[in-house]
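All residue numbers for the sequence shown refer to my numbering, where the first residue is 603 and numbers rise by one.
Source of the hints: derived by calculation from the structure; they are not laboratory data. All figures in this text were calculated on a predicted structure; none of them were measured in a lab. Hints are supplied without guarantee of correctness; some may be wrong.
[To be verified] If you anchor each label on the Cβ, the simulated ranges turn out as follows: (1) Phe822 - Phe729: 26 to 32 Å; (2) Gly723 - Pro865: 46 to 52 Å; (3) Ser935 - Ala694: 20 to 26 Å; (4) Phe729 - Asp875: 43 to 49 Å.
Glycine is no exception: its CB is placed at the ideal position from the N, C-alpha and C atoms.
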Amino acid sequence: MLALPTSWAGVLARILLVISAIISLERNFSRSFFIAKAEYIWLLAGAIYIGGSFFTALFAVKMELAVYDVFRQLYIFLVSFGMLIHFRDCKARMYFVYGLMPYIIFSACLIIFGYNSVMGGLASFNFDDSAYFKFQMNQEFGVNTNPLSFAMLLGFILCYSIYKNSYLNIIFVIVSMVALMISGARATIAMLFFGLSFVFFVKDEVSRKLFSYAILLIGFLGFLYYINLDEVEKIKYMYEVSDATTGRLELWLAAIAKFYDRPVFGWGASSWDYDLDKYLILISSDIGRFDILTSGAFHNAYLTVLAEKGLVGFFIMASFLFFIYRSSIVVYSERYNMNIFDRKLAAVSPLFISLLVIRGFFEHGGIIGYANASVDFISFAGAALIVALYVPIYQLNSK
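Generate coordinates for the entire structure from the input sequences, incorporating the hints supplied.
Below you can see the structure in the form of structure tokens.
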């Protein structure tokens, strides 16, 4: 229902999610009011983040939007914690993952149908036309392929681990991959290739460390290369980066500039466009794209939180992400002590969380997003699923 391009479907889906979360909490706690230690961490982190959002709202330039954000975070917290408790039961975890496949197939068909309608068929596919396709999909059908494609990718990772040896998986993979490639969502396509690299290279702890060090080394060498360029070459390089990131570079620099002006408490939630022209230094060859910019914040989850909620909100968010990522690593290392279904989920847990964290550098969405798309729901539901696998391990190790 969250995938449907209508506002009423989104509202109804959120109402149903809240009701189901309340029912889940009531059903579990009516038998025995017990909260495991790892669940307490989730509970505490969520409460602190909501408290931090409320506190930073006191200093917001758009008070009403900042207060609205507090209720939005409360919604995310209630639904995700309800799902965490709900996922104590292995059957609940199974039903959730199995239920993702129809959603992914529906979303893939929606993108393929839209491509046929807008571009005249798959035979005319040209990656250079991706920006036009995304714009037309949004204009004609109200579908934003950026969050939709990434939601598909997240769901695909969880489903593929379960249906891996099924003939149904062949059709599932083909349809999903075609939809992802034609979606025009560059960040999602980049995440897809990163995911393939992650699975290929990261098979044990030593490989994971080497993979991490390689990424850090590449980043460091790239930084050294940039600082040794002369001013003309730097401007040319920034121009190329701006075009490659479809204007994101300007937004990132604007976010950093706004953060410098109000570093502690930020400007308040949803204030990314407040005085944006004052901080925007246009480098892109297509400056017209900024005239129609109405959503997406700074297209970087971490810079958005820094600019809107300052260091207060950023450190709370970073701590929560670290807890979830660490949970995925522990779950992965302990997977052979689990049943077959949970073992398959545990095997892709680090990949799932890694993609969430990395995508945060290109989009504002997912587990710390605005909860206005299916990608946000799948993000915090998937995170709750992984932490649910971590709960018994944490309980055992803390005794």
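Outcome of the hint check:
Range check, Phe822 to Phe729: about 30 Å between beta-carbon atoms, so the 26 to 32 Å window is met. Distance hint check for Gly723 and Pro865: the Cβ-Cβ separation is about 51 Å, which falls inside the suggested range of 46 to 52 Å. Between Ser935 and Ala694 the C-beta distance comes to about 24 Å, which sits within the given range of 20 to 26 Å. Taking 43 to 49 Å as the suggested C-beta distance range, the pair Phe729 and Asp875 does not conform, at roughly 30 Å.
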